[in-house]
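Visitor: Produce the entire structure from the sequences given, and follow the hints as far as they go.
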Amino acid sequence: MSNQGPDVTADPIIILEKVNKWYEDFQALKDVSLSVKAGERVVVCGPSGSGKSTMIRCINRLEDYQEGKIIVDGIVLDDSLKNIATVRSEVGMVFQQFNLFPHLRVIDNLTIGPIDVRKMPRKEAEEIAMHYLTRVKIPEQALKYPSQLSGGQQQRVAIARSLCMSPKIMLFDEPTSALDPEMIKEVLDVMVQLAEDGMTMVVVTHEMAFARQVADKVVYMEDGMVIEEAPPVEFFTNPKSESTKRFLNQILTH
Amino acid sequence: MLPFIKKLGPISPHVHWVQVNFFDSAWSSFLTILVLYLLYLIVPASIEWGVLNATWLADSGEACRDIAGACWAVIPAKYRVMFFGIYPYEEHWRPTLAMGITGLAWVMTCTRTFWKPKLLAVVWIVAIPSSLLLMWGGVFGLTFVQTSKWGGLPLTFFVFTSLMFLGMPLAVLFALGRQSKMPVIKSVCVFIIEVVRTIPIPMILFFAAVVLPLFLAPGVDVDQLFRVTFGLVLFFACFQAEVLRGGLQAIPRGQYEAADSLGLSYRSKMFKIILPQVFRTTIPSMMNGVIGGFKDTTIVIVVGLFDLFTATQAALADPEWRRYFTEGFIFVALIYFLFTYAMSKYSQLLEKRFSFGKRD
Amino acid sequence: MIQFLAIVLMVGAIVYFGYNVAENLARQGIASGFGFLTKPTGWDIGEALISHSSDEPYWKTLLVGFLNTLHVSAVSIFFITFLGVFIGACRLSKNLLVSELTSAFVEVFRNVPTILQVIFWSTMMRQLPHAREAVVFLDGIMFSNRGMNFPLVHPDPSVFWGGMSFAVGVVLFFLMMWLSERYRDKTGNPIPTLIPNVVVLILIPLGVWAALGAQFNLDMPKQARFGISGGGEISPEFVGIVAGLTLHYAAQAGEIVRSGIESVSQGQVEAARALGIRERRIFRKIILPQALRVIIPPMSTEYMSTIRNSSLAVAIGYPELFSLGSTAINQTGQAVEMVLIMLIVYLGTCLFVSVVMNFLNKLAAFR
Chain A
6 MSNQGPDVTA
16 DPIIILEKVN
26 KWYEDFQALK
36 DVSLSVKAGE
46 RVVVCGPSGS
56 GKSTMIRCIN
66 RLEDYQEGKI
76 IVDGIVLDDS
86 LKNIATVRSE
96 VGMVFQQFNL
106 FPHLRVIDNL
116 TIGPIDVRKM
126 PRKEAEEIAM
136 HYLTRVKIPE
146 QALKYPSQLS
156 GGQQQRVAIA
166 RSLCMSPKIM
176 LFDEPTSALD
186 PEMIKEVLDV
196 MVQLAEDGMT
206 MVVVTHEMAF
216 ARQVADKVVY
226 MEDGMVIEEA
236 PPVEFFTNPK
246 SESTKRFLNQ
256 ILTH
Chain B
606 MLPFIKKLGP
616 ISPHVHWVQV
626 NFFDSAWSSF
636 LTILVLYLLY
646 LIVPASIEWG
656 VLNATWLADS
666 GEACRDIAGA
676 CWAVIPAKYR
686 VMFFGIYPYE
696 EHWRPTLAMG
706 ITGLAWVMTC
716 TRTFWKPKLL
726 AVVWIVAIPS
736 SLLLMWGGVF
746 GLTFVQTSKW
756 GGLPLTFFVF
766 TSLMFLGMPL
776 AVLFALGRQS
786 KMPVIKSVCV
796 FIIEVVRTIP
806 IPMILFFAAV
816 VLPLFLAPGV
826 DVDQLFRVTF
836 GLVLFFACFQ
846 AEVLRGGLQA
856 IPRGQYEAAD
866 SLGLSYRSKM
876 FKIILPQVFR
886 TTIPSMMNGV
896 IGGFKDTTIV
906 IVVGLFDLFT
916 ATQAALADPE
926 WRRYFTEGFI
936 FVALIYFLFT
946 YAMSKYSQLL
956 EKRFSFGKRD
Chain C
150 MIQFLAIVLM
160 VGAIVYFGYN
170 VAENLARQGI
180 ASGFGFLTKP
190 TGWDIGEALI
200 SHSSDEPYWK
210 TLLVGFLNTL
220 HVSAVSIFFI
230 TFLGVFIGAC
240 RLSKNLLVSE
250 LTSAFVEVFR
260 NVPTILQVIF
270 WSTMMRQLPH
280 AREAVVFLDG
290 IMFSNRGMNF
300 PLVHPDPSVF
310 WGGMSFAVGV
320 VLFFLMMWLS
330 ERYRDKTGNP
340 IPTLIPNVVV
350 LILIPLGVWA
360 ALGAQFNLDM
370 PKQARFGISG
380 GGEISPEFVG
390 IVAGLTLHYA
400 AQAGEIVRSG
410 IESVSQGQVE
420 AARALGIRER
430 RIFRKIILPQ
440 ALRVIIPPMS
450 TEYMSTIRNS
460 SLAVAIGYPE
470 LFSLGSTAIN
480 QTGQAVEMVL
490 IMLIVYLGTC
500 LFVSVVMNFL
510 NKLAAFR
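Residue numbers (this note's numbering), protein chains in the order written: chain A, 6 to 259; chain B, 606 to 965; chain C, 150 to 516.
Each hint should be verified, as a subset may be incorrect.
Claimed, not checked - Chain A regions said to be covered by chain C (calculated; three or more residues, Cβ under 8 Å):
| no. | segment |
| --- | --- |
| 1 | 102–115 |
| 2 | 118–126 |
| 3 | 161–171 |
Unchecked claim - The following label-pair restraints were derived from C-beta to C-beta distances:
| no. | chain 1 | residue 1 | chain 2 | residue 2 | range |
| --- | --- | --- | --- | --- | --- |
| 4 | C | T481 | B | L747 | 41 to 47 Å |
| 5 | C | A363 | B | S634 | 36 to 42 Å |
| 6 | C | A363 | B | L943 | 53 to 59 Å |
| 7 | A | E132 | C | Q364 | 55 to 61 Å |
| 8 | C | Q364 | B | E653 | 42 to 48 Å |
Stated by the list, open to error - Only pairs whose alpha carbons sit at most 27 Å apart, straight line, appear in this in silico DSSO-like list of lysine-lysine:
| no. | chain 1 | residue 1 | chain 2 | residue 2 |
| --- | --- | --- | --- | --- |
| 9 | C | K335 | A | K124 |
| 10 | C | K243 | B | K950 |
| 11 | A | K142 | A | K190 |
| 12 | A | K149 | C | K335 |
| 13 | A | K87 | C | K243 |
| 14 | A | K128 | A | K149 |
| 15 | A | K42 | A | K74 |
| 16 | A | K149 | C | K511 |
| 17 | C | K335 | A | K128 |
Honestly, the hints are just simulated from the structure, not real lab data.
In this text, all values refer to a predicted model and were calculated from it rather than measured experimentally.
C-beta atoms are modelled at their ideal positions from N, C-alpha and C, and glycine is treated no differently.
Guide: The following block contains the structure:
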């Protein structure tokens, strides 16, 4: 399982420092700290409601947080709209529910970001879009509407849409949870390929095989806290905390 | 959130709630202040007019002349006309009782504890003839009161109840007819539904009241009240039929196929399998139509029937009280509002109650 | 079998009703046919958009009614649309005070029967003091029992041509938006349209107006010895029907707009944000096109209801198509013919609205 490994000397590209977040009275994140180096692949897992999605959504500021500090690519995520915009255009995100724009064709879904944010001419944006559609193996679907595609194809379009912004970091929020079993593989294949190309990735998923294959680091969260953080081999063979063991038992025996 | 507020540090949940909902941004804060200012202009003045300076009881309109506030005295002075129209004064206990019976029947129909088809059938079989008997009279020593003298709230009740009991079955028939595979039935239903839905209600009522007699054989005379009610029923049925059609189309084909594979007849397939599901999924739009139907009963004013609203208007035409029409309108609007608001709340309740077994 | 029965029943009904109509008409001595349309009416109309007198034929009277129906409907639909969007926006406001108060407004105006509101506003207008003691707002808008009076701008050449160049400016504005979008497709950078827009929408019209003498004379309504002179005037009935229809249907329209925008899932917004698209562009490019497809069909139903319910004006004596038509029936007894005419006119008008709205829906879908 050795992949080329991150550049250990690099500075972290994502830093979370003691992040706390509340929804009304409920504390969703408790002192969450995490650092991700450029080129590193981090898989985040944990039971539902553990705050893993909230955490990853804080990284491109889809969610607000009340205490702590998040720095992405040297930019501090605070209330500054300019900083938020910069970070968002450099961080790609793939959602559980794909969230493709149903009123736009696949190709327009892919070009809207580059044209609108990067101020790219349409022709150039379309070339890039076709390049990434080819990479996710569905260039022939370019002129269709999202509703005409299967779930797996839609998710691959969503990945391509993020890639068109040439992001430095890709966030995946349970990308395969809404898919039928036979479609999970085609999406994971695309993600593995992306990992092999050296993309910095933070992935929330329950696909443990994927974690074993590509992750440099597995993070286990529960009740809004980071319980354990370890390289995959160590994480799966020798988990330190009881709750991690319990979780692994549950998920691996299924 | 405004940065300066954020820097205040930990705060109580109440203060937090106020911040988020009223002062979330500069724009929001501005709106809050603007609205508060408008309320400051309107609310105290309204309270002064409607409560503090108001007259509640007066023998005549003259007594209200010099008062700056509202003259609610118009209501106690005129409520009998508003509620009963030109129904003979000394017989008002009869429509009151009739309304009580119908009202009780409606309350039972809407309460879950009484949802037993046989029980409700008995209730209505007793309620409708007895209320009609009370209204009409002519037997048991009750004086006969012709329908042209019926009026006020009982008339509104009568028309509304007819809408429900005649209009809903007709709507089901139309909707099934429109979905039917028989071309003649289908085209007749489509024609009726589409034409009736483009006619303004006043015109339907006018047609029923004035033109319809031309279509009847000389000597055959159907009472005006019934003709007009029939007009409203037809309109209501056509609208609800369209709602039902939407619901029918939303039922997955699998349901029809499952019913067919069990060898069910058309009747049991429709009435036991399909329609119950249709009614469940269309509750919000159905109830919207029911509320609309209730509001539309007021349009009988154009053919001179004295429903609650027309009777109120007639009562307010009295020169002595004419100046205080605002108070009268507010009162009658409040009554309609209470009924329709209750219906819309009930609709939400039904929706919640029937959302079981439905995945989201 | 059932179909056969249905046909027999229908034919029977048609024969029966047809026979009765013929019989009844014959007994009343009324000749059927549309000949009556060319006969003079002998009665006058209170309010007409085209000149009208009592010795003009029925068809012209009906035309006056139809124009009044269109007038009421168009003005109401205009206000319903704007007020509806405004109410929808207020309902969606994050400010709880704004959204809850709007919700209360919506509940009241949609739950009180339309005709009650129509009659309330027109009674209100009629009960206002005489013109001499009219209620005056902002020095120019007067409410009295004669209706509403308002200032008109005197059509001086400078005002006229200024207005015309503004209209041209609006066309140019849309043209420029379109060109800018095209240019942006080509090069990636939009043409900055702010300055040219200010020029065509404000500077040029102002310039034209100034060059032609910069006249701006308001024709103010003035209280004269008998009533009010000058300015524009609309009748209490018109105010009543428009106010009643507008408030009722705007409340409905507000709910349509709100639910349309809410129907666009939060995920759409998040996906757009994750791409780094700015909030305003998200609304324009992602939310609006999807919401419009949900909003337009029920909105067109509301518009059609507005047109049909403009006939409620019969209750306050405003001479629109239905109220003139029913008077005509009472006068001539030509009930069947008149009902047919009105039916076709209402049907045609609603059909027209439906076609226009379908076209708009298609436009929205192609964005």
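Visitor: Between C/Q364 and B/E653, does the beta-carbon spacing fit 42 to 48 Å?
Guide: Given about 46 Å between the Cβ atoms, the range holds.
Visitor: Do the alpha carbons of A/K142 and A/K190 lie within 27 Å of each other, as the hint requires?
Guide: holds (13 Å)
Visitor: Within the segment 161–171 of chain A, is the number of residues with a Cβ closer than 8 Å to a Cβ of chain C three or more?
Guide: Our answer is that it holds, as 4 residues pass the Cβ test (under 8 Å) against chain C, meeting three.
Visitor: Tell me if chain C covers the segment 118–126 of chain A under the three-residue, 8 Å CB rule, please?
Guide: Answer holds; 8 residues pass the 8 Å Cβ test.
Visitor: Is A/K87 close enough to C/K243, meaning Cα to Cα at most 27 Å?
Guide: Distance ~22 Å between A/K87 and C/K243 Cα, so the pair holds.
Visitor: Can the restraint linking C/K335 and A/K124 be considered satisfied, given a maximum Cα separation of 27 Å?
Guide: Roughly 10 Å separates the two Cα atoms, so the pair holds.
Visitor: Verify the CB-CB distance for C/A363 and B/L943 against the hinted window 53 to 59 Å.
Guide: holds (57 Å)
Visitor: Go check the segment 102–115 of chain A versus chain C for me, would you? Three or more residues, Cβ under 8 Å, otherwise it fails.
Guide: holds (count 6)
Visitor: What's the verdict on A/K128 and A/K149, does the C-alpha distance respect the 27 Å limit or exceed it?
Guide: holds (18 Å)
Visitor: Assess, step by step, whether the Cα of A/K149 is no farther than 27 Å from the Cα of C/K511, and give holds or violated.
Guide: holds (18 Å)
Visitor: Please verify whether A/K42 and A/K74 have alpha carbons no more than 27 Å apart.
Guide: Within the cut-off at roughly 17 Å; holds.
Visitor: Decide if the proposed pair is consistent with the structure: A/K149 and C/K335, CA atoms, cutoff 27 Å inclusive.
Guide: holds (23 Å)
This entry satisfies every hint, going by the numbered hints stated previously.
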